[in-house]
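Protein chains: 2
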Amino acid sequence: MAFSGMMAGMDEDARIARWTAGWPAVPGVLRGPGDDCALAAGPPRGCVAVLKTDSVLEGVHFTRRDPAAWVGRKALARAMSDFAATGARPVAVLAACLLPSGGKSGAYMDRAMAGMAAAARRWGIGLAGGETTRAPVLGLTASLYGWVERKTAVARSGARAGDVLCVTGQLGGSRAGHHLRFEPRLAEGQWLARGGWVRAMMDLSDGLGKDLPRLARASGLSFLIDPEKLPRRRGVDAVRAVNEGEDYELLFAVAPERIEALRRNWPFRTPWTDFGVLLPRRLKPETGGIPFRGYDHFA
Amino acid sequence: MAFSGMMAGMDEDARIARWTAGWPAVPGVLRGPGDDCALAAGPPRGCVAVLKTDSVLEGVHFTRRDPAAWVGRKALARAMSDFAATGARPVAVLAACLLPSGGKSGAYMDRAMAGMAAAARRWGIGLAGGETTRAPVLGLTASLYGWVERKTAVARSGARAGDVLCVTGQLGGSRAGHHLRFEPRLAEGQWLARGGWVRAMMDLSDGLGKDLPRLARASGLSFLIDPEKLPRRRGVDAVRAVNEGEDYELLFAVAPERIEALRRNWPFRTPWTDFGVLLPRRLKPETGGIPFRGYDHFA
Numbered sequence: 251m252a253f254s255g256m257m258a259g260m261d262e263d264a265r266i267a268r269w270t271a272g273w274p275a276v277p278g279v280l281r282g283p284g285d286d287c288a289l290a291a292g293p294p295r296g297c298v299a300v301l302k303t304d305s306v307l308e309g310v311h312f313t314r315r316d317p318a319a320w321v322g323r324k325a326l327a328r329a330m331s332d333f334a335a336t337g338a339r340p341v342a343v344l345a346a347c348l349l350p351s352g353g354k355s356g357a358y359m360d361r362a363m364a365g366m367a368a369a370a371r372r373w374g375i376g377l378a379g380g381e382t383t384r385a386p387v388l389g390l391t392a393s394l395y396g397w398v399e400r401k402t403a404v405a406r407s408g409a410r411a412g413d414v415l416c417v418t419g420q421l422g423g424s425r426a427g428h429h430l431r432f433e434p435r436l437a438e439g440q441w442l443a444r445g446g447w448v449r450a451m452m453d454l455s456d457g458l459g460k461d462l463p464r465l466a467r468a469s470g471l472s473f474l475i476d477p478e479k480l481p482r483r484r485g486v487d488a489v490r491a492v493n494e495g496e497d498y499e500l501l502f503a504v505a506p507e508r509i510e511a512l513r514r515n516w517p518f519r520t521p522w523t524d525f526g527v528l529l530p531r532r533l534k535p536e537t538g539g540i541p542f543r544g545y546d547h548f549a
Numbered sequence: 251m252a253f254s255g256m257m258a259g260m261d262e263d264a265r266i267a268r269w270t271a272g273w274p275a276v277p278g279v280l281r282g283p284g285d286d287c288a289l290a291a292g293p294p295r296g297c298v299a300v301l302k303t304d305s306v307l308e309g310v311h312f313t314r315r316d317p318a319a320w321v322g323r324k325a326l327a328r329a330m331s332d333f334a335a336t337g338a339r340p341v342a343v344l345a346a347c348l349l350p351s352g353g354k355s356g357a358y359m360d361r362a363m364a365g366m367a368a369a370a371r372r373w374g375i376g377l378a379g380g381e382t383t384r385a386p387v388l389g390l391t392a393s394l395y396g397w398v399e400r401k402t403a404v405a406r407s408g409a410r411a412g413d414v415l416c417v418t419g420q421l422g423g424s425r426a427g428h429h430l431r432f433e434p435r436l437a438e439g440q441w442l443a444r445g446g447w448v449r450a451m452m453d454l455s456d457g458l459g460k461d462l463p464r465l466a467r468a469s470g471l472s473f474l475i476d477p478e479k480l481p482r483r484r485g486v487d488a489v490r491a492v493n494e495g496e497d498y499e500l501l502f503a504v505a506p507e508r509i510e511a512l513r514r515n516w517p518f519r520t521p522w523t524d525f526g527v528l529l530p531r532r533l534k535p536e537t538g539g540i541p542f543r544g545y546d547h548f549a
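In order, the protein sequence lines correspond to chains A and B.
So in my numbering the end of the first sequence lands on 549, straight run, no missing numbers.
So in my numbering the end of the second sequence lands on 549, straight run, no missing numbers.
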């Protein structure tokens with residue numbers, strides 16, 4: 251697949267050379283940029299393919315004041331966070347770039363793509379290909395391909411009434427910088443999935459107030475949370491912790507009889523906290539007085 | 251994977267319900283929209299995974315005067331055309347939507363997504379998932395996943411000096427409507443690949459004037475074309491046939507000793523035409539006086 255698309259100008263080849271440089275050689279990528287399609291190895295025995303697309307757009311997910319390298323990293327990290335919630339292993343990414351003409355957009359996108367490549371080196375993700383389109387707004391869509399063991403792939407829908415609600419890390423404060431610098435909880439999500447620790451899991455991208463109702467609804471359940479127990483960043487109150495969004499932490503449901511074993515066996519430095527419980531659907535959601543933006547969708 | 255993203259408003263669930271309706275049930279899609287990631291079956295024995303991302307953007311690839319259903323179809327068909335050039339079989343698509351707030355954008359996108367679903371039904375492609383982002387411009391990025399036999403996957407780079415240059419269909423006239431209504435040459439591309447008829451292939455998205463040099467360069471070759479033999483739509487001169495772009499026809503290279511057998515065995519109604527030959531790299535490209543400038547949306 252070429253970084254081709256609808257680009258004018260003679261500098262296209264030079265741009266493609268810059269954007270495809272610095273990516274790691276990944277065995278799963280059988281044919282990277284340069285042809286109409288990319289080829290990737292199929293999932294190993296017992297695994298299935300995993301797909302996710304995610305965008306970052308100027309004015310929505312970043313501004314030009316944000317360092318470009320972090321914006322490129324974020325485009326990849328957002329999709330990584332979804333892979334984490336599935337317990338999946340990312341292999342290769344397609345990058346679709348929206349590029350305004352003129353100004354400093356080209357230089358900004360160069361730095362963004364270099365930032366994505368640097369993050370991909372660290373995470374061992376190959377470049378499958380990409381595309382560039384002239385646009386009135388700068389943006390990056392990352393489409394991630396990978397694998398997961400079919401038996402251990404986690405969904406939002408497996409929770410049962412009585413399961414304990416847990417979340418990694420701390421909530422809130424994303425606009426202060428976390429929305430760019432968050433670490434996708436890939437190892438944590440894979441470990442939780444493979445060990446069969448969780449019955450349902452998702453990543454928090456729109457905020458607990460919107461995402462917890464989604465998980466509960468997918469599982470056909472209601473929920474109760476204790477706002478006092480919500481892990482919050484310094485200076486963040488419970489309302490913001492629930493509703494600010496872009497936490498990119500893992501929200502997961504654990505069978506109550508396994509919660510102590512999970513606590514004993516957890517091998518990561520990343521903390522996690524239990525803060526509530528899933529309830530039968532007939533009960534009203536109980537948020538301890540904290541407004542949940544997603545509440546109306548849930549009713 | 252949810253159609254989630256950064257959408258405000260109470261009608262999000264209703265929109266997701268509309269956009270995910272009407273898609274065919276495809277056995278390869280193991281888990282469609284509704285979770286953080288989609289799951290798809292891995293490629294069958296002897297096959298590898300195929301990936302392609304492609305965007306259509308308002309003001310670049312369509313205007314609001316174009317029927318929305320055709321715009322949605324085009325977003326999918328562009329990626330299908332790349333699959334055709336690889337000889338690959340599409341299985342599932344992720345749709346990333348850019349949606350302006352207010353006005354008639356929501357209704358337009360509803361019709362575009364319905365058009366994509368209708369095309370997907372015809373082509374047997376499942377919906378893996380998607381995402382929606384508020385944006386200043388309306389757009390659709392389709393990321394296509396599928397399979398190809400590893401041995402028969404075609405690239406741009408396999409041509410040899412002396413190979414005959416061929417193209418399906420007719421060139422030019424895309425702005426008169428073909429850019430929306432083109433038929434991806436999927437069956438033709440798969441047949442050419444599986445039969446080992448072609449040494450190199452690509453789809454013509456930016457016009458022969460830009461794409462033929464890419465194929466030649468990828469194969470380390472030069473080329474010669476006979477402008478008289480170029481298949482053109484009625485009323486299209488050779489300069490436009492070469493440079494208008496958005497033909498979405500297959501450009502392919504055939505060993506000279508196989509060209510007559512190909513002519514005898516070709517089982518499709520779609521015509522193809524030989525119009526040139528690949529030359530050793532040391533020779534200058536010879537275009538018969540036709541300027542090769544490719545496609546430039548911004549000229």
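Hints listed in this document are in silico derivations from the structure and should not be mistaken for laboratory results.
Note that the structure is predicted; figures quoted are calculated from it, not measured.
Careful: at least some of the hints might be erroneous.
Which copy? The list can't say, so a pair holds if one copy fits it or any two copies do.
[To be verified] Pairs of lysine to any residue, SDA-like flavour, derived with a Cα cap of 25 angstroms:
id, residue 1, residue 2
1, K534, E262
2, K401, G284
3, K401, R268
4, K479, A357
Results of checking the hints against the structure:
1. K534 x E262: between (57 angstroms within a copy, 22 angstroms between copies)
2. K401 x G284: Only across copies: K401 and G284 sit 19 angstroms apart there, 35 angstroms inside one copy, limit 25 angstroms.
3. K401 x R268: neither (40 angstroms within a copy, 31 angstroms between copies)
4. K479 x A357: neither (45 angstroms within a copy, 43 angstroms between copies)
Against the hints set out earlier in the document, violations occur for numbers 3, 4.
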